[in-house]
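2 protein chains.
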Amino acid sequence: MAPKYLEDLSPGDTFGGERHAVERDEMIEFARKWDPRPIHVDDEAGRAAGFGCAIASGAYTTAIFTRLALASREADGGHAVIAGLGATMSLPRPVRANDELEFRAEIVEVRPSKSRPDAGVVRMRARLVDQNGETVYESTTATLVSRRPKA
Amino acid sequence: MAPKYLEDLSPGDTFGGERHAVERDEMIEFARKWDPRPIHVDDEAGRAAGFGCAIASGAYTTAIFTRLALASREADGGHAVIAGLGATMSLPRPVRANDELEFRAEIVEVRPSKSRPDAGVVRMRARLVDQNGETVYESTTATLVSRRPKA
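Protein chains in written order, with the working numbering: chain A, 1 to 151; chain B, 152 to 302.
Check before you lean on any hint, since a few could be wrong.
[What the hints assert, rightly or not] One-sided and incomplete, this derived list gives chain B residues near chain A with beta-carbon spacing under 10 Å: (1) 184; (2) 218; (3) 231; (4) 239; (5) 300.
[Stated by the list, open to error] For each label pair, taking beta carbons as the anchor points, the in silico distance ranges come out as: (6) B:159 x A:5: 15 to 25 Å; (7) A:117 x B:300: 54 to 64 Å; (8) B:249 x A:25: 28 to 38 Å; (9) B:244 x A:147: 21 to 31 Å; (10) A:132 x B:244: 38 to 48 Å; (11) A:11 x B:228: 45 to 55 Å; (12) A:116 x B:299: 49 to 59 Å; (13) A:75 x B:269: 37 to 47 Å; (14) B:159 x A:147: 48 to 58 Å; (15) A:134 x B:244: 31 to 41 Å; (16) B:204 x A:100: 31 to 41 Å; (17) A:106 x B:263: 13 to 23 Å; (18) B:196 x A:113: 33 to 43 Å.
FYI, nobody ran anything at the bench for these hints, they're computed from the structure.
Glycine is no exception: its CB is placed at the ideal position from the N, C-alpha and C atoms.
Turn these sequences into a full structure, and let the hints guide you.
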């Protein structure tokens, strides 16, 4: 599949369906290294905080999101991304071991770049949804994408 | 040190100084698992893209940021955080193996919560700065922080 250039992307385009099953060992190991707060590594601390068990670090959920977003772009043939320009993210609900997270995304804006005539800015709203249909991660990303090179 | 409550935090308060040295193996291993794009795992691909070598995945830089932010909060005695409410982040410059990243943060807003009389919202602007003084990661986070419990 050929990569998608700016001209191939439109507001309303949707992507997704890629999934990641949260394994307890992976979730805890990640938190031990990068975010060793008690609620991320210890079920008892998660219970005391009202979550019922340990919950995932936001950095771990971000890593899952990154992997699924990449898989989704690759499934779509790849986008001609020059650079990431920034992102917002929120974690509206906790992620727990054995959750199954699905990536869903929609392009919300495609516009010319002010500084680069060979490229444009694509804004995408994306999220991870758990097995109950609840959104656990929401993100809006802006990326700089090449226009199709002239033949 | 006692945890800091909402009343203990003020706009203009600064934190930081914590550091993480980016090790090549750690950077590449993280990307292989979570963001295996060629520019994140292969020096040749990084060179072809104009970066001189492989560059870090944004998810890896986010993980470093998370760890240093936690270390910084702990060094400050811990804040009485109830929940993270969201964040914006951007990656204005690439991170490479052997970079040394330093965490710096400033509180920019402290306000009462509209829905929770026992808590307030703290907005913090934080970044990672490399050994050349360049900002490689910028973030604004909003967290819900407890007021001091009444005696």
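How the hints compare with the structure:
Hint status for residue 184 of chain B relative to chain A: holds, with the closest Cβ pair at about 8 Å, below 10 Å. Annotation: residue 218 of chain B was flagged as interfacial toward chain A, and the flag holds, the nearest CB pair being 5 Å apart, inside 10 Å. Interface restraint check: residue 231 of chain B against chain A, minimum CB-CB distance 12 Å, threshold 10 Å, status violated. Proximity of residue 239 of chain B to chain A holds as hinted, the smallest CB-CB distance being about 5 Å (cut-off 10 Å).
The interface hint given for residue 300 of chain B is broken, as the beta carbon of that residue sits about 16 Å from the closest beta carbon of chain A, more than 10 Å. The hint said 15 to 25 Å for the Cβ distance between residue 159 of chain B and residue 5 of chain A, and at roughly 52 Å that hint is violated. The beta-carbon spacing between residue 117 of chain A and residue 300 of chain B, approximately 59 Å, falls within the hinted interval of 54 to 64 Å. A hinted range of 28 to 38 Å holds for the C-beta pair residue 249 of chain B and residue 25 of chain A, which are about 30 Å apart.
Between residue 244 of chain B and residue 147 of chain A, the C-beta spacing of about 24 Å keeps the proposed range 21 to 31 Å intact. The supplied range of 38 to 48 Å is met by residue 132 of chain A and residue 244 of chain B, whose beta-carbon atoms lie about 39 Å from each other. Taken as a hint, the range 45 to 55 Å holds for the pair residue 11 of chain A and residue 228 of chain B, whose Cβ atoms sit roughly 47 Å apart. Between residue 116 of chain A and residue 299 of chain B, the C-beta spacing of about 51 Å keeps the proposed range 49 to 59 Å intact.
Distance hint check for residue 75 of chain A and residue 269 of chain B: the Cβ-Cβ separation is about 46 Å, which falls inside the suggested range of 37 to 47 Å. Here the CB-CB span from residue 159 of chain B to residue 147 of chain A is close to 52 Å, well matched to the stated 48 to 58 Å. For residue 134 of chain A and residue 244 of chain B, the hinted distance range of 31 to 41 Å is satisfied, since their beta carbons lie about 36 Å from each other. A beta carbon spacing of about 36 Å between residue 204 of chain B and residue 100 of chain A agrees with the range 31 to 41 Å that was offered as a hint.
At roughly 35 Å, the beta-carbon separation of residue 106 of chain A and residue 263 of chain B lies outside the given 13 to 23 Å, and the hint is violated. At about 24 Å, the CB distance of residue 196 of chain B to residue 113 of chain A disagrees with the hint of 33 to 43 Å.
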